[in-house]
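Residue numbers (our numbering), protein chains in the order written: chain A, 1 to 545; chain B, 1 to 350.
The reader is advised that the hints may include incorrect statements.
[Said to hold, decoys possible] Sample of chain B residues facing chain A (criterion: CB under 8 Å; computed from the structure):
hint: 1; residue: L65
hint: 2; residue: V67
hint: 3; residue: G70
hint: 4; residue: E156
hint: 5; residue: R159
hint: 6; residue: R161
hint: 7; residue: G162
hint: 8; residue: R164
hint: 9; residue: P173
hint: 10; residue: M193
hint: 11; residue: D194
hint: 12; residue: G197
[To be verified] Covered, in the sense of this in silico footprint (three residues per stretch, anywhere, with C-beta under 8 Å from a C-beta of chain B), are these stretches of chain A:
hint: 13; segment: 49-61
hint: 14; segment: 104-115
Worth flagging that the hints you see were computed from the coordinates, not collected in a lab.
Glycine included, each C-beta is placed from N, C-alpha and C at the ideal position.
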Amino acid sequence: MITYDRFTYRYPDASEPVLRDLTLNIPEGAFVLVMGPSGAGKSTFLRTVNGLAPHFYGGVAGGKILVGGRNPVERAPRGMADLVGMVFQDPESSFVVDVVEDELAFAMENFGLSQDLMRKRVEEALDQLKIAHLRRRPVSLLSGGEKQRVAIAAALTMQPDILVLDEPTSQLDPQAAEEVLLALRQLNEDLGLTVLLSEHRLERVAHYADYILYWPGGGQPPLFGEPAAILRQTPLTPPLITLAKALGWEPMPLTIKQGRKFARALKDQLRPAPLPETTANGHPPVIRVDNLWHSYPNRVEALRGVSLRVHAGEFVALMGRNGSGKTTLLKHLVGLLKPARGQVQVLGMDASRTPTEEITRAVAYLPQNPGRLLFTERVADELAFSRRAHGMPPDPEADRALLGRLGIAHLWERHPHDLSVGEQQRLALAAVLVTDPEVILLDEPTRGLDYVQKQELSTILRELRDAGKAILMATHDVELAAAATDRAALMAEGEIVVIGPSRRIMSESLVFASQVNKLFRDPRFLTPEDVIKALPERASSPVAR
Amino acid sequence: MAAVLLTRNPFYLAILLAAAGFLFATLARRAAHEGGDATKRPMTWGMVVRLALLLWGFAILFNALTVHVGERVLFVLPPSWPLIGGPITLEALIYGFITGLNFVALILIFAIYNSALGPQTVLRMIPGFAYQTGVAVSIAIAFIPQTLIAWNDIREAQRLRGHRVKGLSDFLPLFVSLLSYGLDRAIQLAESMDARGFGGRPLPASRRETWLIRGSAILGLFLLLMGLATKSYYRAASWPGLVMLTLGAALMGLSLWRSGRRTWRTRYRRWRWRPRDAALAAGSGLFLAAIILLTWFASQTLFYYPYPPYPLLPDFNPLLGLLFILPLLPALLLPPAPRSDIRDLRSEAD
Numbered sequence: 001m002i003t004y005d006r007f008t009y010r011y012p013d014a015s016e017p018v019l020r021d022l023t024l025n026i027p028e029g030a031f032v033l034v035m036g037p038s039g040a041g042k043s044t045f046l047r048t049v050n051g052l053a054p055h056f057y058g059g060v061a062g063g064k065i066l067v068g069g070r071n072p073v074e075r076a077p078r079g080m081a082d083l084v085g086m087v088f089q090d091p092e093s094s095f096v097v098d099v100v101e102d103e104l105a106f107a108m109e110n111f112g113l114s115q116d117l118m119r120k121r122v123e124e125a126l127d128q129l130k131i132a133h134l135r136r137r138p139v140s141l142l143s144g145g146e147k148q149r150v151a152i153a154a155a156l157t158m159q160p161d162i163l164v165l166d167e168p169t170s171q172l173d174p175q176a177a178e179e180v181l182l183a184l185r186q187l188n189e190d191l192g193l194t195v196l197l198s199e200h201r202l203e204r205v206a207h208y209a210d211y212i213l214y215w216p217g218g219g220q221p222p223l224f225g226e227p228a229a230i231l232r233q234t235p236l237t238p239p240l241i242t243l244a245k246a247l248g249w250e251p252m253p254l255t256i257k258q259g260r261k262f263a264r265a266l267k268d269q270l271r272p273a274p275l276p277e278t279t280a281n282g283h284p285p286v287i288r289v290d291n292l293w294h295s296y297p298n299r300v301e302a303l304r305g306v307s308l309r310v311h312a313g314e315f316v317a318l319m320g321r322n323g324s325g326k327t328t329l330l331k332h333l334v335g336l337l338k339p340a341r342g343q344v345q346v347l348g349m350d351a352s353r354t355p356t357e358e359i360t361r362a363v364a365y366l367p368q369n370p371g372r373l374l375f376t377e378r379v380a381d382e383l384a385f386s387r388r389a390h391g392m393p394p395d396p397e398a399d400r401a402l403l404g405r406l407g408i409a410h411l412w413e414r415h416p417h418d419l420s421v422g423e424q425q426r427l428a429l430a431a432v433l434v435t436d437p438e439v440i441l442l443d444e445p446t447r448g449l450d451y452v453q454k455q456e457l458s459t460i461l462r463e464l465r466d467a468g469k470a471i472l473m474a475t476h477d478v479e480l481a482a483a484a485t486d487r488a489a490l491m492a493e494g495e496i497v498v499i500g501p502s503r504r505i506m507s508e509s510l511v512f513a514s515q516v517n518k519l520f521r522d523p524r525f526l527t528p529e530d531v532i533k534a535l536p537e538r539a540s541s542p543v544a545r
Numbered sequence: 001m002a003a004v005l006l007t008r009n010p011f012y013l014a015i016l017l018a019a020a021g022f023l024f025a026t027l028a029r030r031a032a033h034e035g036g037d038a039t040k041r042p043m044t045w046g047m048v049v050r051l052a053l054l055l056w057g058f059a060i061l062f063n064a065l066t067v068h069v070g071e072r073v074l075f076v077l078p079p080s081w082p083l084i085g086g087p088i089t090l091e092a093l094i095y096g097f098i099t100g101l102n103f104v105a106l107i108l109i110f111a112i113y114n115s116a117l118g119p120q121t122v123l124r125m126i127p128g129f130a131y132q133t134g135v136a137v138s139i140a141i142a143f144i145p146q147t148l149i150a151w152n153d154i155r156e157a158q159r160l161r162g163h164r165v166k167g168l169s170d171f172l173p174l175f176v177s178l179l180s181y182g183l184d185r186a187i188q189l190a191e192s193m194d195a196r197g198f199g200g201r202p203l204p205a206s207r208r209e210t211w212l213i214r215g216s217a218i219l220g221l222f223l224l225l226m227g228l229a230t231k232s233y234y235r236a237a238s239w240p241g242l243v244m245l246t247l248g249a250a251l252m253g254l255s256l257w258r259s260g261r262r263t264w265r266t267r268y269r270r271w272r273w274r275p276r277d278a279a280l281a282a283g284s285g286l287f288l289a290a291i292i293l294l295t296w297f298a299s300q301t302l303f304y305y306p307y308p309p310y311p312l313l314p315d316f317n318p319l320l321g322l323l324f325i326l327p328l329l330p331a332l333l334l335p336p337a338p339r340s341d342i343r344d345l346r347s348e349a350d
């Protein structure tokens, strides 16, 4: 179906090709997961399938490429649009028209199909993605998962043989991501559609894939093969695989169900540390929220009587569906939003009366899109900018040390917009940490990060927590919350439904349980480390190997 | 919109502005009744007013400081200062005020189009030959509210970093981020449109036809320009110019139509056209025609220029003022029931 033979592609300004001598053969009807660290060439590769690279991006392509019998380098994306459907990371910015039905018809209109045929195909696509009830809604008012399904339906109306998706679920909560992935799996099974999908959170997709295409980065050629074989060769693995590799489970389990067999056999040998009696650390609360209410101008109640305490030296996760009020709550803590009713106190300051600029000297806030936070020309200037804005003297030495702690000191002279997502994330974190704040608020900090970057972020945050900072993090990332936080709060419809020790919250929940917890169903096991630490001496020796 | 571009008379502008403001408020109220998520609505009244005031202030300041022409000198800045040094005149101040007023009216009208129709609806009404231009324009229109939202986001991000906007130079980081945001978005959209076959597949055309289309387009453009030149040069005998203008326009239209026929594209649905719409379109057409005729034959009435030798205060003709209230009509024509099909609302406010 898709054949690459010694294919090479170089971006216009680059000296080195991103894809070098790529030889690859993807069979028809395959579900292919494309993975690898950020910046390894996943997106570029996906864009060569329909010719966006080199046609849209410029640059030079060489070697042979055939997609469904056509050469995308010759045909250009326009000539491939009826064969390859493309879905992008952010559906919002790829919508051209504003009503769902019209958006679905857009590509067909460009191809001059008859009205009857368009009607029929729109109906089919609406049914395939189960969005018929949304047909007259404006796309801007849909939820994230709905938007992404509309984008997929819009690509399907051209009846392509191949569907290419570039991180389609990275902005979705676990429930919405599952909706989208299930729909894709079904299209792949029922219609025989070839699916190419890139994704960082492998725990969501690894079990759906027939093949994995792994880009190791650093100019290395990609590996292509069955999931189990590829996952054995990469450090980027979901917790289940990490554990399976550490314990030498064979054949390698790809699903929780397959893993449970090994877990049952192991469970009796494990000697886990007992659960701590209490998570209270004896420090005073630095965040006090009492009966907080907030409604937006359209009278939608975003927060309904939220009360919360976060203590110094404590790391708390805030979880819940998109639109459950997590971001709204965080914004109140720095005074970006004002409460309708209730009290918000941070470090003794009344957040509703103190200006944001003043609060943020002692409270770091990392918003959802870290790129928005960066606006200077040089990494070094970002930190200097924060210092100046807070009326602090410049201190390049301290800035360099801070960047060093976050592992990005070597980027000192670079332009912030040229950095990878993970690097931008850490730079933005550095930019709000220069003031040495006592409280750190994070909104979805793991978006677009691969496992290694996530691990690093988790380590940094735990160090900060141990240094006595209070951290409150809104996240969909169950694994990060399981690995790093002390307490977790679940929000729904503007209320905190339950709050308590992470171990308890995340093992009682269906949706918010971590992979390892699903294996053992025991609050003492949330992460692979929990299990490995609980191994008796003799069993742990093969792990070291 | 044409009206705004054609007049500089502050009285007429003010009337137009009031009418447009009323229309916007009516639409916003109806939108609120329709329900929907107001946090995601592209533009709110507050945002429009803020942007408008910002531009207005900028226009006044810029003009007053840089244009040193006029008789009524308010005060004198040291002439050694570059650009802004020299006499600051009342005339320049007024001119900036009027220019700003023009800006404000334009923004408001953009906002009305946005809340009433949505750029996509406009796009749908554009005839085939101008389709690509239409897409470009509609994306440009959609860009304004998106930029406003991004502006808010960026302002928020900056406050988070303790950045306070006190002077003009503090705005610089804002504009830089806004620009890079806009570019990012534009690239993403273009990429998505490209991947979805935007532009369609042109039907093969014979060489002769291609040349015919190009030839007639060029000739049409030439005639149009010649006509304009003749018209403004020989004021006494304007009919040759008029003939050339008509002929040129016809040729241009023909070539556009021919080239439009070559790109084969279809429409998913047809728009319903009801008597009410027809009345409205006729009304708007009449208004536009009246304004254009006015500028053509009596340009002095709409024209206003505060610098000498013209009088400082413009004239005002109440009858003409009445004409500028006309755009208010759609607000009155709207059915009184607040809950009606959202599509009615859209097709009406043309």
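Status of each hint after checking the structure:
The interface hint given for L65 (chain B) is broken, as the beta carbon of that residue sits about 27 Å from the closest beta carbon of chain A, more than 8 Å. With its C-beta approaching chain A no nearer than about 33 Å, V67 (chain B) sits outside the 8 Å limit, and its interface hint is violated. Evaluation of the G70 (chain B) hint against chain A yields a violated restraint, the C-beta minimum of about 39 Å exceeding 8 Å. A hinted interface residue such as E156 (chain B) counts as satisfied when its beta carbon comes closer than 8 Å to some beta carbon of chain A; here the least separation is about 6 Å, so the hint holds.
Given the 8 Å rule on beta carbons, the hint for R159 (chain B) holds: about 4 Å separates it from the nearest Cβ of chain A. Taken as an interface hint, R161 (chain B) checks out: its beta carbon lies about 5 Å from the nearest beta carbon of chain A, inside 8 Å. Proximity of G162 (chain B) to chain A holds as hinted, the smallest CB-CB distance being about 4 Å (cut-off 8 Å). Interface hint status for R164 (chain B): upheld, as the beta-carbon distance to the closest one in chain A is roughly 5 Å, under 8 Å.
At its closest, the beta carbon of P173 (chain B) sits 4 Å from a beta carbon of chain A; the interface hint therefore holds under the 8 Å criterion. The beta carbon of M193 (chain B) is positioned within 8 Å of a beta carbon in chain A (closest approach about 6 Å), and the interface hint is therefore held. Because the closest C-beta pair between D194 (chain B) and chain A is about 5 Å apart, less than 8 Å, the hint holds. The interface hint given for G197 (chain B) is met, as the beta carbon of that residue sits about 3 Å from the closest beta carbon of chain A, less than 8 Å.
Given as covered by chain B, the segment 49-61 of chain A passes the check, having 4 residues with a CB less than 8 Å from a CB of that chain where 3 are the minimum. Only residues whose beta carbon comes within less than 8 Å of a beta carbon in chain B count, and the segment 104-115 of chain A has 11; three or more means the coverage holds.
In this structure, the hints that do not hold are numbers 1, 2, 3, in rising order.
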